[in-house]
Amino acid sequence: MRPTDAPLPPVSPDPIAAASGPAAPARVLGPFSAMSVVIGAIIGVGIFFTPSKVASLTGDGGLALLAWAIAGLIALCGALVFAELGARYHDSGAQYQVLRDAYGPCPAFLFVFCNATAIQGGAVGIIAFICASNLVAIGLPTGQEGDATLVLLVSCALIGSVIAANAWGARAGAGIQNATVVAKVLALVVIAALAAIWGGQDVLAGATPPADPENIPFEHGPMAHEQVGARLSPVAGVLAALVPAFFSYGGWQHALWISGEVREPRRNLPRAIIAGVVVVVLVYVLTAWSTLRLLGIDGVAGSTALAADAVGVVSPSLGRRLIAGAVAVSAFGVLNAQLLSGPRLVYAMARDGRFFRAFGRLTTRGTPGLAIGLIGGTGLVLLLVAGPGGVDRLLTGVVFIDGVFFALTGVALFVLRRRGREASERSSGTGGVAAGAAAERSTKGFRVPLFPLVPALFVLGEVGVLVGSYLDPATLRAAIIGLGWIAVAAVTYAVWFRTREFARRGTR
Numbered sequence: 001m002r003p004t005d006a007p008l009p010p011v012s013p014d015p016i017a018a019a020s021g022p023a024a025p026a027r028v029l030g031p032f033s034a035m036s037v038v039i040g041a042i043i044g045v046g047i048f049f050t051p052s053k054v055a056s057l058t059g060d061g062g063l064a065l066l067a068w069a070i071a072g073l074i075a076l077c078g079a080l081v082f083a084e085l086g087a088r089y090h091d092s093g094a095q096y097q098v099l100r101d102a103y104g105p106c107p108a109f110l111f112v113f114c115n116a117t118a119i120q121g122g123a124v125g126i127i128a129f130i131c132a133s134n135l136v137a138i139g140l141p142t143g144q145e146g147d148a149t150l151v152l153l154v155s156c157a158l159i160g161s162v163i164a165a166n167a168w169g170a171r172a173g174a175g176i177q178n179a180t181v182v183a184k185v186l187a188l189v190v191i192a193a194l195a196a197i198w199g200g201q202d203v204l205a206g207a208t209p210p211a212d213p214e215n216i217p218f219e220h221g222p223m224a225h226e227q228v229g230a231r232l233s234p235v236a237g238v239l240a241a242l243v244p245a246f247f248s249y250g251g252w253q254h255a256l257w258i259s260g261e262v263r264e265p266r267r268n269l270p271r272a273i274i275a276g277v278v279v280v281v282l283v284y285v286l287t288a289w290s291t292l293r294l295l296g297i298d299g300v301a302g303s304t305a306l307a308a309d310a311v312g313v314v315s316p317s318l319g320r321r322l323i324a325g326a327v328a329v330s331a332f333g334v335l336n337a338q339l340l341s342g343p344r345l346v347y348a349m350a351r352d353g354r355f356f357r358a359f360g361r362l363t364t365r366g367t368p369g370l371a372i373g374l375i376g377g378t379g380l381v382l383l384l385v386a387g388p389g390g391v392d393r394l395l396t397g398v399v400f401i402d403g404v405f406f407a408l409t410g411v412a413l414f415v416l417r418r419r420g421r422e423a424s425e426r427s428s429g430t431g432g433v434a435a436g437a438a439a440e441r442s443t444k445g446f447r448v449p450l451f452p453l454v455p456a457l458f459v460l461g462e463v464g465v466l467v468g469s470y471l472d473p474a475t476l477r478a479a480i481i482g483l484g485w486i487a488v489a490a491v492t493y494a495v496w497f498r499t500r501e502f503a504r505r506g507t508r
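In this text, residue positions in the sequence shown follow this note's numbering: the first is 1, and each later residue adds one.
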């Protein structure tokens, strides 16, 4: 490791920051709020549409449910890994600290830079637009689109309101998160209840194959996904379906980002992460079953507005408005999650001396105001300049980065455990204070069961998703964009933030 890339010592309190606000965030979030961050960050708008892609790739109701269950198992492995990391690291932006301690400051910087500028910035813009579109659609006749200018204005207002709420305080942001999580879970449970009462389709049935598959183009046309599902073998169909299914499970890492404001984090963080992911797995499998029971495998695979079509079986006009409201609430919850947790990564990196020091200060309300403004403002700029279509393409490309850093974080657990054992061995022989502290950190709190099997399954699952994204022509360009943005982050780090001289300037 080069001297310029060596991890920095703990940053001493900034006298300027101390004069203008608290030195550290207050731990004001309880276990339910922490779990709501996990659930709210995972359950977004994707679950209202993704089952169509999964059904089309598998071509069979039973295989579709199996794909959701396997993806949920991988997600649970990831939750267990992040639960142990949350027991070890529980300051603000803890995932940054995990990557820094495991690999050095450069990979940690790449993660936060890509996350703040593209993943979360893009997510803020496109999710606000989806939320606004559905809010406007509630009052419009079926099939009529809302005015584009009105939708854009509502999107900007939503972003501004969420920025203000989270800048006001973590409790305000957590209150929004708790309310939206309850609402979106109830909406999905209602769909399941409708399926149990009115659904009559065979959940385990296979799709009807095309009459003449040899004469149908493979990748083009409105029924492209159905053709893929009909052509793939059962094993290949399930493996292909894991990519969209698993992407729908991402989000439990947000608990690590907000960990600096969670009470009793060594105990509450692991519980919140594991419980939150278990709830999501159950809700997702139940939702997939519900849509299959209401529409059948062909109906699910061919739907472009899945939730609305499913509820429309019972009440076409009212159902579509209810689903528009449910999607709006769900999108608003995800929007809030981005600005409740994401800015803590920027704050942690700035406090560590690897970003501009102003972003490492807290407001008098105890929130990282500039970091919240950075991510929220980036979302606004992207939405206004690139438009929803441009933001969506950017977000699709850079979401690939999530898989890269998920895999690196999983491997980091192996690295940190090995260092903990080495420190324990040294401390037992020398009585060193630093080694003893490292050994204590590595052994206290929650530990992943069935180690190393569980983290290995998680890392392999993430690698499989990355390989699947790269091999699929539909997502290859997105993967290349993601890799390109990592390269941009690396150049930014090398030019501005690599040297210890910058770190000293940034923290004086």
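Do not take every clue at face value.
[Claimed, not checked] Label-pair restraints from in silico Cβ distances:
hint, residue 1, residue 2, range
1, Thr304, Gly139, 30 to 36 Å
2, Ala196, Gly373, 32 to 38 Å
3, Leu483, Pro452, 26 to 32 Å
4, Gly387, Arg27, 37 to 43 Å
5, Phe49, Gly200, 21 to 27 Å
6, Arg271, Arg421, 23 to 29 Å
7, Ile480, Phe356, 41 to 47 Å
8, Ile197, Val385, 30 to 36 Å
9, Gly484, Leu453, 22 to 28 Å
10, Ala26, Val278, 26 to 32 Å
11, Gly200, Ala305, 16 to 22 Å
12, Ser315, Trp496, 53 to 59 Å
Keep in mind that the hints were calculated from the coordinates and are not lab data. We put the beta carbon where it would ideally sit given N, CA and C, even for glycine.
Going down the list of hints, with the structure as the test:
The supplied range of 30 to 36 Å is broken by Thr304 and Gly139, whose beta-carbon atoms lie about 22 Å from each other. Distance hint check: the CB atoms of Ala196 and Gly373 are about 46 Å apart, inconsistent with the given range 32 to 38 Å. Our hint of 26 to 32 Å for Leu483 and Pro452 holds, since their Cβ atoms are close to 28 Å apart. Under the hint 37 to 43 Å, the C-beta atoms of Gly387 and Arg27, about 40 Å apart, fit the expected range.
For the pair Phe49 and Gly200, the supplied restraint of 21 to 27 Å holds, since their beta-carbon distance comes to about 23 Å. Taking the beta carbon of each, Arg271 and Arg421 are about 26 Å apart, inside 23 to 29 Å as hinted. Our hint of 41 to 47 Å for Ile480 and Phe356 is violated, since their Cβ atoms are close to 30 Å apart. At about 47 Å, the beta-carbon gap between Ile197 and Val385 misses the expected band of 30 to 36 Å.
A hinted range of 22 to 28 Å for the beta carbons of Gly484 and Leu453 is inconsistent with their spacing of about 35 Å. Taken as a hint, the range 26 to 32 Å holds for the pair Ala26 and Val278, whose Cβ atoms sit roughly 29 Å apart. A C-beta distance of roughly 21 Å is found between Gly200 and Ala305, which places it inside the suggested range of 16 to 22 Å. With their beta carbons about 56 Å apart, Ser315 and Trp496 fall inside the hinted range of 53 to 59 Å.
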